[in-house]
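Asks: Sequence:
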Amino acid sequence: MAKKIIIIGSGGHARSCLDVLLSEKKYKFLGFIDKNSSKRNIVGSDDDLKNIIKKVKHALIGIGQIKNYTSRFKIFKKLKKIGFKLPIVKSHNSYVSKLSSIGEGTIIMHGAIINAYAKIGKNTIINTGAIIEHDVVVGDNCHISTNVTINGECKIGNNTFIGSNSVVVNNIKIGKSKFVKSNSLIKNDLI
913 MAKKIIIIGS GGHARSCLDV LLSEKKYKFL GFIDKNSSKR NIVGSDDDLK
963 NIIKKVKHAL IGIGQIKNYT SRFKIFKKLK KIGFKLPIVK SHNSYVSKLS
1013 SIGEGTIIMH GAIINAYAKI GKNTIINTGA IIEHDVVVGD NCHISTNVTI
1063 NGECKIGNNT FIGSNSVVVN NIKIGKSKFV KSNSLIKNDL I
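Quick note on our numbering: the sequence shown kicks off at 913 and runs consecutively.
None of these hints come from the bench; they were simulated from the model. Heads up, some of the hints might be wrong.
Claimed, not checked - As a list, the in silico DSSO-like pairs of lysine-lysine whose alpha-carbon atoms are at most 30 angstroms apart:
{"hint": "1", "residue 1": "Lys1034", "residue 2": "Lys989"}
{"hint": "2", "residue 1": "Lys1034", "residue 2": "Lys1085"}
{"hint": "3", "residue 1": "Lys1010", "residue 2": "Lys992"}
Unchecked claim - Here are the simulated distance ranges between beta carbons:
{"hint": "4", "residue 1": "Asn1100", "residue 2": "Lys940", "range": "44 to 54 angstroms"}
{"hint": "5", "residue 1": "Phe1091", "residue 2": "Gly924", "range": "14 to 24 angstroms"}
{"hint": "6", "residue 1": "Lys993", "residue 2": "Lys947", "range": "14 to 24 angstroms"}
For each residue, glycine too, the CB sits at the ideal point set by N, CA and C.
With the sequences and hints as input, model every part of the structure.
Replies: This is the structure we're talking about:
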């Protein structure tokens, strides 16, 4: 029997998360959590979460991360405190090496590749078409945007955003809470 799940947020990223969730066929989607109750498929707001957990034990954070990681991080902590389980959600159309490890609450979007011995932290977005090569470490609360390539043995600190179509060359270290704009070529450490 499929486990019931809600998605926090109802914007574009949340709808993309729903598409991945439905492709996985492990969960029964019950609705979005959003303060704007006039939107479609809204089952409550943040204020309702303590009551919703009585019926639904799983939640997925569907809020993207553009310039500030704090919203996703605060929501993650709040959901954990209430008692929600935050599953790892992987698109059926992604490749995740059995030799890699993925933290709770992380979503792997369509077409993403995570290679051998990569380690992805908690509450992280690996967005559509991103490539995480061998032995890469991506911290907690990160957003690796669409079509990003992170080459072998790189280290990405917690709370970091890497914009679409960026390339990080081998053995680079990017520190905590960094913002890398789209179409960047990172050839030197960003500490």
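Asks: Are any of the numbered hints broken by this structure? If so, which, sorted upward?
Replies: Every hint satisfied by this model.
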